[in-house]
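Number of protein chains: 2
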Amino acid sequence: MPAVRFELHHIDAGSAARRSTFHTPHGPVDLPAFMPVGTQAAVKALTVDQVRSTGAQMILGNTYHLALRPGEEVIRDLGGLHRFMGWGGPILTDSGGFQLYSLAQNTKVTEQAAVFRSHIDGRLLELSPERAIAIQEALGSDVAMVLDHVIALPAEGDAIRDACERTIRWADRCRKAATRSDQAQFAIVQGGLNPDLRVWCAHQLADLDFPGYAVGGLSVGESPAEMYRILDAVCPPMPAHKPRYLMGVGTPQDLLHAIRRGIDLFDCVLPTRNGRNAMAFTDSGPLRLRNSIHQRDDRPLEENCPCLACRHSRAYLRHLFLADEMLGPILLTHHNLTYYQRLLVGARQAIAENRFAGFCNEHLCRWHLPVAGSL
Amino acid sequence: MPAVRFELHHIDAGSAARRSTFHTPHGPVDLPAFMPVGTQAAVKALTVDQVRSTGAQMILGNTYHLALRPGEEVIRDLGGLHRFMGWGGPILTDSGGFQLYSLAQNTKVTEQAAVFRSHIDGRLLELSPERAIAIQEALGSDVAMVLDHVIALPAEGDAIRDACERTIRWADRCRKAATRSDQAQFAIVQGGLNPDLRVWCAHQLADLDFPGYAVGGLSVGESPAEMYRILDAVCPPMPAHKPRYLMGVGTPQDLLHAIRRGIDLFDCVLPTRNGRNAMAFTDSGPLRLRNSIHQRDDRPLEENCPCLACRHSRAYLRHLFLADEMLGPILLTHHNLTYYQRLLVGARQAIAENRFAGFCNEHLCRWHLPVAGSL
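Protein sequences appear in the order of chains A and B.
Residue numbering for the first sequence follows my numbering, starting at 1 and increasing by one per position.
Residue numbering for the second sequence follows my numbering, starting at 376 and increasing by one per position.
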């Protein structure tokens, strides 16, 4: 009995968008889905009940951060990550590969392992593929990501190929290191902005038969068009009967463009981080709450939005940010996550009804963005 | 029909503790009660639903802070403070008198008015008794506090007497400035640590026949014993059929000592501020969550506490503070306010059952504090 199961319900008639369900040991996830980011065993600014009330079914934690603090053995001894943070639903943990990029000045990569100098206290953390899996098994997440080698772009062709090949070798080592039957591993396709390399990598990893596949190493500074071009190349060779997860992406429009190309799963700090910085996502595009235009505006951010922020006026939300009240970040985080989840509810419905391309273009229009061409 | 009504149910057989209900235009408040502090139209770190779920019935806002930001006319135009912040229950607004003490370096007091230099942008705010009432009427609070003259202690006898006499004259001016029939004013007894002056002030203000009375100018650096001595002096001459409010106080033990002397109402930043600083109130005394003793402690802060923090382990709460996650302050704020409200539920029950002195001493024992002598 595999730890997870991917149930494909329907493919949109006018695009590659897929409606499916991802079954995990902690319950099902309706795909396409967006995972709020809970790097340090907490989705910033929200209680787990509030996270759940946005509609989120699955969240993300981070291997590197949790291994450093509080330490995976503390979490294991306290019953695992689900119990530690009080989240009963599915959890995916990233492997630390992304921190090779985001904390590059503190890391050194050899074939054996990545070595980090802790951003907290300077102590060394050696993260081999085997150790990345051991940590994630201690955390007890439903999905563990393989350790991948993420590099900054643009980079030399050789460096990109080298990191891509290492990612494949590390994926194989991760697979062999697995000991828990209640945890699935997802492999990660790398290859920079080189479509041929991406396709080759996808094929290599597909041969290793993982229960899920991710596209990594994007959203690292390239343009949206470059990212979509890579998705055009990499989605078709990714196994059709496995979930496809686009890591660290993205804006609402990125999600729609990626779903249209066959992506099922996302995570991104954007809704939470932007919420803390007074930016609200709405169907008319982003609102910046510190702007004086909102000073006496009695309207909610969005009509008919069920979130905690939309019980208040824009004027009140603006006041909270100007007065430096924590409640401002709390409420806007709840709004933005609710916005993302409602967008995905709509996307799933549109796929089921074979009208995803129209759904997509309708939203791009409302956001004052160029509509997508045909695939 | 007066805006508020004080319904005295019972006086404890063994102390001066009173069980009563305070009826306001926005509903009843069971007394003795503790008001969470929402200075800037928000109880720091909590949504209004979370504030309500702690058991709080009435909260506090601040005239000085709200007049500066967002401005009382903004709040008035948006339907008043209750609607602005989404709190449907009773609200009491402090007058700005306390800021004469806490922001003393930016203030000048004449017989006509206090003049503040804004701590935000340096602009001048003239707060006369009439203006303090006009602002509070624009805010639409259920209870407006008169403008009082709070000074730092210790101070010269003449300075204390002068501020006390001015407070009485200002109270009279506030009363005459009132135009709203749905807002009650509370007068404030001043007089420093001089019991005779306090008693004289209480008598003078009683003659002005306010619907409620407060004890102000305490919790400004004096010892608990000095504060209790003043309460011993000032409670008896305060009108028995009006609510008695001890401003800005205090610790859990302060509340019990004051209730025992006949105080009905409190506000204090302690549970919220200490919560943000990783200190939790419990029946065994305060816990400092950053302490390494909690690293692997699977117990909640308090058994059987219904708050949001007590769904988690002490180890998790400690992790949140070490990882600088906003959720730490959020959860501990909710716990501490819940702790205060539960303490007052117990106090009210004990008064009704004529066992308040025992209740009081039992708690002081658990907190490892000296028990109170007889009154």
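Hints are not guaranteed to be accurate.
[Unchecked claim] Coverage of chain B stretches by chain A, computed from C-beta distances (three or more under 8 angstroms per stretch; other residues unrestricted):
id, segment
1, 409-417
2, 420-426
3, 456-466
4, 544-554
5, 608-619
6, 678-690
Simulated from the structure, these hints should not be mistaken for lab results.
Cβ atoms here follow ideal geometry from the backbone N, Cα and C, with glycine treated the same way.
Violated constraints from the hint list, given by number and in increasing order: 4 and 5
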